[in-house]
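Q: Chain residues, written in single-letter form:
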Amino acid sequence: MALGQVFINWLLLGSLYAAVALGFSLVWGIMNIVNLAHGAFIIVGAYTAFWLYSQLHIDPYLGIPLTMAALFVLGWIVQYIAINRVIRAPLLVTFLLTFGLDLLITDLVQQFFSSDLRSINTAYAGNGLDIGSTHIAFDRIFAAGIAVLLTAALNYFLTRTRTGNAILATGMDRDAARLMGISIRNTYALTFAIGAALAGAAGAMLSELYPFNPSSGDAFTLRAFVIVVLGGLGTPWGAVAGGLVFGLAETVVPLIPGVGPGYDNAIAFAVLVIVLIFRPSGLLGKPYYS
Amino acid sequence: MSSHTKAQTPSTTETLPPGPKESREWLWSLIVGLLILGLVATVPVFGDASALHTWTLILMFVVLAQSWNFIGGFTGYSSFGNVAFFGIGAYTTGLMLLGNQPFWLGLIAGAFVAALFAFLLGLPVLRLRGHYFAIATLGTAVALGEFVTVRDVGGGGGGLMSLPLAGLQAYTGFFYAFLGLSLLCLLITVFLTRSRFGYALIAIRESEQAAEALGVPTHWYKVGAFVLSAIPTALAGGLYAYWATGFDPPTVFDVGISVEMVLLTILGGSGTILGPILGAIAFEYASAQLQTSGFTWHNTVLGLAIVIVTIFLPQGILRLIQEFIRRPAAGTTRANRLREGARRVRRFIAANGV
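Order-wise, the sequence lines are chains A and B. The first sequence maps to residues 1156 to 1445 in our numbering. The second sequence maps to residues 90 to 443 in our numbering.
Looking at chain B on its own, in the form it has when it is part of the complex (with noise of 0.2 Å):
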């Protein structure tokens, strides 16, 4: 991690403005989040059951950037597998809605065999570090989708799960289920930047060995992050599961989905309140156009995203914005602020290359 600090150091903190200004900003970070939830939540007011459809899978990658983002941003540790308690969400809420249980029950059974299964893996799989952890994390989600088609836990033919249909009121709940769960991980994720818990996450990913020295005991922390991460992914998976009322292996283990999250995050500004729900709602709203006016090149254009992001933008849109929002130096001439912006981009793009 230290190519990262090292890297990232030069371009954030020479010219942040000072201190008591800056320790506002989760207040602002705060306010804009709940605005942007509260205009989503009047999407079953005034649009179609089309429009609901695709905000509900917004908010869905909403949540899973944002629980990502614990574990990921804050942390640094890029896990490569939390589709993996996505898919046991589904499948624990799947099977105890087909054992006759109650959706609720079936919900937080879910999560909590998500947040064991994120303590158990996270006890040796912590220990490693950069791409050993990612890859770990991988290979960790491809098993268990190979496990349950393979024992076809679904019972409908390679793991495939088909559930009773919600009815159709039911929707507009999934959507503001998803709704609550994000507003739910917006709140952590402020208590996190304020809190010792999340100071203790942020010493992790500036530099482990400084934290430890300092008495945080990191690996513990971690463990916490991971499965504070896996909870509101396995909700997600749960709600999914009722939702979508059939699914299969392939669909609910898809590392891509793990992907988006890793995606969407550091598309908006991983590590920050809003980065997570900026980035999730302008990658999946632009995403569910294109494959609604049936465009066929949908995986071409996410993998150039995906390009395009990592070269340019891998600090995030936040990041930009706040480099372009950043006061130049007083009396400046107007012909020297456009050079000075146009400098601050350059770097900005340029931060990491050979």
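Isolated chain A (complex conformation) (with noise of 0.2 Å):
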């Protein structure tokens, strides 16, 4: 394969991978839950898109606002009544409460669903940009801008606006928000929902690029895990810097002779442990958003 290919790809998967990190990242950086059920999001974002295509013919990059409305109420549904009743609880309950939320949502997918491999099959699929021998997809083009565009979106409203400056506010001192007259429970539920909202957008594009089905979602939490890690909490852009380095490991480690591919996992897995022995903060690290 020619180096600029090699290249593109890297950097549209790259980006693609952010938004898949994105939501996770936030809910982590905030509220200190390893959101389990983030995979399970990305699924129902994706099953929306397809239920929006194959009944109502809405393209699924022009449906993402409509998919990440649907994951937003279905966020804040899940946040105020389940995770804020345990939020005080150890790291343990709130890891296993959210496993179990996504093993519920995943099934109910599947009864819904079935558990047949699902794709969206759009009019511009596969065409693209041709510079010299390399190919440019429109539809991964679209991603990648998609998501560097949440990426900015995010930031600006954490730092920018009052709404975003109280979840940053609760993310670094929960008892000084709370006297300073913010809601922790609304606060939080916003979180989340905004979280589940981008994992839904996330699904709305990989519906587009990759067939699915209800069990693909587990391989997003575990990449979304490692995208966090290595990029760092505390900043959007280290989802952005994260899901680079983790899209160079996952192009160029199958590449290398008598790797081959099928160990995506192990990949991750590896760059993971790496990153946390040499840089525990990450890439791009602050503690709590601040």
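Relax, there's no trap hidden among the hints.
Rough simulated footprint, nothing fancy, chain A against chain B, three-plus residues with beta-carbon under 8 Å:
(1) 215–223
(2) 346–355
(3) 399–408
Chain A residues, not near chain B, derived (Cβ > 12 Å throughout):
(4) Q1210
(5) L1272
(6) R1273
(7) N1276
(8) F1297
(9) R1317
(10) L1364
It is worth saying that the hints were derived from the structure and are not from the lab. Glycine residues also receive a C-beta, built at the ideal position from the N, C-alpha and C atoms.
Grab the two chains, each in its own frame, and use the hints to assemble them into the complex.
A: Laid out in structure tokens, this is it:
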């Protein structure tokens, strides 16, 4: 494969991964919750896009606001009635709770949509720019562009708006934020809802790019975790940095002679352990989004 | 872990029974544990083949939960990758059987390999904390399963392994083997609550810095607990391998099994003697009944069960029972007693909310 093609593939995959990890990073950074149901939210997003496309003929990219709205509501409900109740429990409990939610959501999706492999075939799928021998697919560019846009929007929201600042303040010191008149319950629900909405956007984009079924979610949870650890908590741009580094590992490692394909999760995990040993705070990490 | 102790101490320690009475708790737990296992031992006598099958699996989960308790319950290091030891045990024993070695030798080999793996993995991984430890162990199990699949260790394509049948009479034998293993784990748990080694593990759970400051070599104790929890898990894996005769990586490296170990222990009461036994029997029995009735929403129910347990019973059934049998203050009237009971339950449930 030409070097230029590898480079383009890497950039586009890396930005897509940033979108996968963005919501996960926000929820972890603000609430110290590792949301194992993140992959399930991505899958719900993918099926929402699939449903919109097959029933209402709405393009998955144009339907992203609708998908995000649906996931926003779902995320709000989940946080408000379930996770808020165990927010002060040991890490293990929230970890287990989100795993239970993952199992529950995935199985419900499977009951409604069956476990068949689905895909969305748009008219422009496969079309793209050809520069020399390098092929750049349009849908990949959309996805990467939307990913960067979402990251910038999240960054703007957190640092420039009052509500965003309230979220940051809650992440830094819950008790102080409460004393300043911030409703912790609602702020957490909002944070989680935004995280779920971002997962929904990632799911909608993935549904157009790859075939999927209800059990594809777990792989994304693991990837999101690795990407966040790589890039570091603390800023939305950490997800982009982590996504690019992880995309690099996943594009290049299978090209090494003797390794070959099939080791996706093993690569993800190996990268994770190496980063944890050498740079525990990640590439751009800051504590608590400060 | 500091939030852990902060959240729990107010509800459990402020009105515990006085010292001398509490020191007998281990003895009562041991007696009740022996009684439960003794009752279960009568299943092959009175039950039919399907009951034997169900209870063999239940006992396997009892063993898995008990051995998870060694690392997760006592040291508070919530490993989500203990299924790796199960898979290692199953595959090592399977390979030994295919190599015409005796079964017991295969079991020992499986336990040995798993212990070695736990030791080598524990050295770096037990330096991580909280989420990082949990996900690193989870990732290990996933990666190991992938490796076994891609390298086709079982030889049947995709890692599938087929073993010779053990013979029909052997099924009672498997049942008693699992029972013996859970008895062994019960004794180890009692030992842990009564020994220097166990005290060190509990000290690590409550405050690792304090334990370190008191001169406990915490890292080695953690590695020791990890190895200790790997051995029975691998033995259970080996027994499962021969019992099931055919298995593949998605079955024996299923992260779901890891999560069930955690769930069962928490459901019963993590870090207690009886907790894992009670939690495993209650949950797995209910789950087996659901499955045999042809119910297709199994994962939905499992997910809901996890959600409900973690929200309403984060400290387990045992602590809830203790909360109920704790004596009220002397001279309380009946009406006050009811109110006190309701207050206790509410506090128990709402202990961790916003």
